[in-house]
Amino acid sequence: MMDFQVVVLAGGTAKKLAPLVSKEVPKALLPVANRPVLSYVLELLESSNLKDLIVVVEGEDAALRVGGWISGAYVDRLHVEVAAVPEDVGTAGALRAVAHHLTANDVLIVSGDLVSDVPPGAVAATHRRHGAVVTTLLCYAPVSGPSDTGSSAGKDKVKKSRYNIVGLDPTRQLLLHIAAGAEVEKDIRVQKNILRAVGQLEIRADLMDAHMYAFKRTVLQDVLDQKDTFHSIRQDVLPYLVRTQLRSEISANGLHKVEDNANGRVSSQNYVTWMSQHREIAPSAYQELLALSPRSPENALRTHKCCAYIASKSKYCARLNSIQAFSDINRDVVGEASHLSGYSFSSQNNIIHPSAELGSKTTVGPQCMLAEGSQMGDKCSVKRSIIGRHCRIGSNVKIVNSVVMNHVTIEDGCLVQGSVICSNVHLQERVVLKDCQIGAGYVVTSGSEYKSEPLARK
Amino acid sequence: MDVRRGQRTVIDPKVRQVGFVPAGATRPPARSHSVPTDACSSSPPAPELPLSGSSLSPVMIPPPRHSSADGLPSLSRSAASPVPIPASPLRRDTVQIPIGSYNPSESVLGSSPMISPSSRLDAVSEFSDEVPTSAWLGRSGSGKFASSFPSSSGEMMTMKITGGGSGGGGNTPKSSLTTASVVKALPGVSEKDRGALIEVQNEGISKPQKQKTSKAERRAIQEAQRAAKAAAKEAGEAVKPSASSGGALPASKQGKVVKPSSQKKDGPQVTAPVVPSEKKVGDRIPDKDRKKDVPHPRMQFDDKHRVEKAKRRAVVNQSEARNRVELFRHLPQYIHGTQLPDLESKFFQLDPMHPSVYKVGLQYLSGVISGGNARCIAMLLAFQEAIKDYSTPPEKALVRDLTAKISSYVSFLIECRPLSISMGNAIKFLKNRIAKLPHTLSESEAKSSLQSDIDRFINEKIVIADKVIVGHAVTKIRDGDILLTYGSSSVVEMILLYAHELGKQFRVVLVDSRPKLEGQALLHRLVAKGLNCTYTHINAISYVMQEVTRVFLGASSVLSNGTVYSRVGTACVAMVANAFQIPVLICCEAYKFHERVQLDSICSNELGDPDVISKVAGRNDLNHLESWADNENLQLLNLIYDATPSDYVSMIITDYGMIPPTSVPVIVREYRREHLWI
Chain A
1 MMDFQVVVLA GGTAKKLAPL VSKEVPKALL PVANRPVLSY VLELLESSNL
51 KDLIVVVEGE DAALRVGGWI SGAYVDRLHV EVAAVPEDVG TAGALRAVAH
101 HLTANDVLIV SGDLVSDVPP GAVAATHRRH GAVVTTLLCY APVSGPSDTG
151 SSAGKDKVKK SRYNIVGLDP TRQLLLHIAA GAEVEKDIRV QKNILRAVGQ
201 LEIRADLMDA HMYAFKRTVL QDVLDQKDTF HSIRQDVLPY LVRTQLRSEI
251 SANGLHKVED NANGRVSSQN YVTWMSQHRE IAPSAYQELL ALSPRSPENA
301 LRTHKCCAYI ASKSKYCARL NSIQAFSDIN RDVVGEASHL SGYSFSSQNN
351 IIHPSAELGS KTTVGPQCML AEGSQMGDKC SVKRSIIGRH CRIGSNVKIV
401 NSVVMNHVTI EDGCLVQGSV ICSNVHLQER VVLKDCQIGA GYVVTSGSEY
451 KSEPLARK
Chain B
1 MDVRRGQRTV IDPKVRQVGF VPAGATRPPA RSHSVPTDAC SSSPPAPELP
51 LSGSSLSPVM IPPPRHSSAD GLPSLSRSAA SPVPIPASPL RRDTVQIPIG
101 SYNPSESVLG SSPMISPSSR LDAVSEFSDE VPTSAWLGRS GSGKFASSFP
151 SSSGEMMTMK ITGGGSGGGG NTPKSSLTTA SVVKALPGVS EKDRGALIEV
201 QNEGISKPQK QKTSKAERRA IQEAQRAAKA AAKEAGEAVK PSASSGGALP
251 ASKQGKVVKP SSQKKDGPQV TAPVVPSEKK VGDRIPDKDR KKDVPHPRMQ
301 FDDKHRVEKA KRRAVVNQSE ARNRVELFRH LPQYIHGTQL PDLESKFFQL
351 DPMHPSVYKV GLQYLSGVIS GGNARCIAML LAFQEAIKDY STPPEKALVR
401 DLTAKISSYV SFLIECRPLS ISMGNAIKFL KNRIAKLPHT LSESEAKSSL
451 QSDIDRFINE KIVIADKVIV GHAVTKIRDG DILLTYGSSS VVEMILLYAH
501 ELGKQFRVVL VDSRPKLEGQ ALLHRLVAKG LNCTYTHINA ISYVMQEVTR
551 VFLGASSVLS NGTVYSRVGT ACVAMVANAF QIPVLICCEA YKFHERVQLD
601 SICSNELGDP DVISKVAGRN DLNHLESWAD NENLQLLNLI YDATPSDYVS
651 MIITDYGMIP PTSVPVIVRE YRREHLWI
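So the protein lines, in turn, are chains A and B.
For the first sequence, the numbering used here gives the first residue as 1, with consecutive numbering after it.
For the second sequence, the numbering used here gives the first residue as 1, with consecutive numbering after it.
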């Protein structure tokens with residue numbers, strides 16, 4: 001289908017997200033609006049008619065769980081193959097493990113924690129149109145959540161990892177420079193030859209690498225083969241390809257050979273060269289580059305293009321790669337990006353499952369979600385929060401800006417604010433939680449107060 | 001149908017004299033001169049008359065509605081329609097094409113317009129519109145092929161089905177993939193869509209016939225036609241000479257050149273292609289409404305009904321611009337900038353499209369590839385790829401199925417950007433090659449033969465042709481010349497560079513125009529190579545022309561009346577040069593020649609993005625037109641092409657040598673066989 005293969009990198013049990021993730025709940029299955037986060041990617045792909053997927057999961061157990069969930073949820077909708085890779089091999093390592101399954105011309109690599117409505121086809125089409133080696137999806141970084149959440153140190157980290165320093169050509173189609181936000185404090189080194197080639201380089205810091213890449217398969221495999229120290233796509237492979245786009249070491253030669261062999265009689269390559277000398281290459285001054293440098297056509301071919309597709313601001317795009325992001329995405333999916341959730345909202349702009357029971361004088365505000373089988377006592381108040389299935393919540397409980405997963409028991413008089421409460425947690429009476437993350441199965445004793453603390457079972 | 005015809009006549013090129021009308025061109029009188037021949041070929045109430053008549057008289061009377069459907073004097077009909085040749089003198093060249101034959105390629109490629117009584121009887125003009133593409137699919141044989149798409153791809157998809165979907169991964173750590181979820185039955189949205197699409201197409205075609213003729217009527221017509229066949233034949237032969245003699249191209253000198261040549265050709269060939277076609281047409285009429293046999297060769301975008309219909313079929317979501325210039329309403333004008341994102345987001349939803357074709361379409365749409373040769377080469381290479389990956393579905397014939405596939409690709413490309421004439425010719429060539437494949441060839445042999453045909457076409461018709469043109473043109477450059485060129489033509493560039501390499505001493509005046517400023521890239525390359533250049537915009541053409549000694553121009557196409565169809569502004573440059581008595585040399589490969597006749601740049605043109613002319617890059621202070629789209633009193637016109645009358649052209653340099661514009665029909669005629677067969 002369009003000669004694209006899709007690999008979803010679903011990750012494993014990310015340490016960053018402790019205590020939310022656990023052996024039982026790998027990252028891919030973290031609930032976002034009571035649906036595993038992976039389902040957002042899968043449904044995005046499905047809506048683009050991409051039904052043959054390879055999902056790579058770190059760790060055998062996690063793979064089993066993810067595979068089990070997929071086979072249950074998508075049994076007759078998708079053709080998903082799950083591959084397990086050892087933990088800590090990184091994204092590049094994960095791809096290496098499945099590289100030999102890749103046969104299509106181009107590979108679309110999507111991170112499993114992406115929550116977005118950017119059509120993958122747009123990235124793929126940009127990739128194709130430019131004949132690029134790699135095309136990455138850049139989107140405007142979402143506004144970070146309420147500033148009163150998260151420790152300041154954590155937030156800094158979050159911010160840095162979200163932003164990227166991106167260099168673009170004037171037409172904003174070619175990716176000329178990319179660096180992770182963490183490196184911003186240092187100087188930015190821009191290669192002179194790239195700068196000379198395009199004449200003008202636009203450096204932007206408001207874009208985020210959304211971890212949706214289209215790679216030329218041969219190039220990707222070559223890079224993974226040759227550079228066995230590369231660990232991460234974002235930090236190693238992509239910057240490498242961007243860096244070397246004017247002195248391509250990767251398979252430009254190989255490609256050339258292949259094409260020559262393919263049409264031995266009259267080489268089509270000549271026409272392509274002919275065309276590129278004359279008319280193709282309209283975007284940006286690459287044309288001038290080719291015209292300027294008195295290179296032979298072979299040398300000219302030793303360049304490769306790295307492109308970027310910039311999603312429009314109206315599209316939602318976020319990655320669940322931190323606890324902050326987890327809260328933000330949960331909030332957005334029932335809030336501003338509610339079309340992503342797939343639920344239909346009531347006139348009060350919230351979702352209350354018919355089987356949920358509310359006590360008297362209990363209010364559930366807008367942008368809230370109350371899943372099936374949950375019970376709430378009297379005089380409770382829920383604002384901008386998500387409550388999972390079969391929770392039992394007592395009276396006089398206040399839940400604000402929080403995510404409560406399944407089978408949670410909250411006794412009377414609790415106050416939960418800006419927190420994430422995982423499954424099977426038990427909050428005894430009059431517990432006060434502010435900006436806390438409670439790991440699965442934890443029991444918070446009555447009357448205790450916590451602020452900005454992760455709590456998990458030992 | 002009749003509505004269509006009426007509109008067709010409204011935009012008929014021959015009734016307008018807009019643009020450059022050379023002095024002394026008195027066409028209308030000559031046209032009326034040929035009326036009698038026409039009248040005798042078709043009796044007045046026949047539906048064809050208004051058409052053929054319309055090309056003859058400047059006053060248009062829309063034909064009465066439904067006149068074609070109900071019982072007509074069938075003799076006049078059959079006499080007129082299967083032998084359309086005598087109807088218009090401009091059409092004589094097309095006799096060679098087997099009209100209405102059941103040749104598979106022809107029926108898909110252009111049988112419908114063949115019978116069209118309009119003067120532009122070419123198959124190429126039909127490529128650049130959207131309506132007939134549906135006709136290709138819906139037409140007798142090919143409809144079947146179209147409906148085979150779903151089944152074939154469905155198979156591909158269901159191939160993947162394996163056993164039950166069991167969860168769980170990692171028995172073996174790295175290599176193995178565990179199937180977690182399996183598509184059991186792929187009812188495929190896309191498949192349904194395609195099915196629906198085809199239905200729509202078929203409906204669109206078959207509907208009108210139902211309402212118009214009952215079975216009895218049709219039978220009556222059929223029988224009458226059979227009876228009239230002999231008479232028709234005689235009439236055809238009788239009329240032909242008179243048409244060719246009476247209908248010389250009016251009042252322009254090239255008309256005379258056409259005349260004898262056409263006679264020569266008509267003579268022997270009249271009976272051969274025409275007679276069988278009559279038979280076929282006669283047989284076919286009961287099945288198909290005559291309407292379908294006479295579709296308009298070019299989609300008229302001021303016809304709301306048809307535009308709606310075409311839109312339903314369209315792959316590219318085209319939202320039309322609201323404020324359109326009245327005179328150009330018949331041309332597609334879309335809101336630019338909406339198509340590309342839409343098409344991109346649908347990237348994975350278009351199953352039947354080959355990736356390389358899709359890529360080329362995107363590149364057309366985004367303007368990455370522009371220029372006649374580059375577009376043509378890109379298209380052919382994409383088709384080559386598609387053919388390489390093609391495999392005939394079971395119970396299909398390669399010849400037919402592949403033709404249908406190519407047709408669907410072409411209609412997709414048209415949606416991305418209207419085809420150029422050169423591309424139309426190339427498609428015609430390819431389809432012809434497919435149709436002519438010997439049946440004894442195996443699939444792989446057929447495919448490789450087609451691939452090498454494409455390679456040869458590119459090589460001989462474009463690459464080598466350019467070299468030949470360069471060789472010819474260089475002889476016209478002398479030391480001390482000041483050469484003027486306009487825009488950015490790849491051939492002209494090669495000529496200039498080659499002349500420079502030969503050590504000729506000359507200077508180049510490069511004239512450019514907004515909004516594309518294509519000349520700047522050319523200027524860049526020329527200056528980089530050390531040529532002495534002057535760069536100016538077209539506003540200054542009258543001043544800069546004084547010192548110029550030769551004008552070299554590229555062309556998108558050269559039409560058989562010598563009209564040069566080229567980048568907008570070319571006509572202006574040529575006219576000024578002509579006024580200064582400076583020779584104008586048009587450099588154009590012969591594969592871009594076309595038998596169509598066009599007198600102005602209105603009836604067939606392409607509209608560009610109107611926004612780009614209202615905005616000046618880098619001048620934010622000149623944004624007076626910022627919200628132009630909301631103002632109903634303002635219409636912006638960004639034409640892409642214009643037509644240069646042959647009077648302003650001194651010489652056309654082509655791969656067959658340097659010829660005067662009056663000799664274009666000779667090339668078209670003499671080498672068409674070669675074009676198609678190589």
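For the record, the hints were derived by calculation from the structure and aren't laboratory data.
Being a predicted model, the structure only gives us computed values, none of them experimental.
Treat the hints with care, since some could be wrong.
What the hints assert, rightly or not - Simulated pairs of lysine-lysine, DSSO-like, Cα-Cα distance not exceeding 30 Å:
no.: 1; chain 1: A; residue 1: Lys315; chain 2: B; residue 2: Lys346
no.: 2; chain 1: A; residue 1: Lys315; chain 2: B; residue 2: Lys615
no.: 3; chain 1: B; residue 1: Lys615; chain 2: A; residue 2: Lys313
List of violated hint numbers, smallest to largest: Hint check: nothing fails, all pass.
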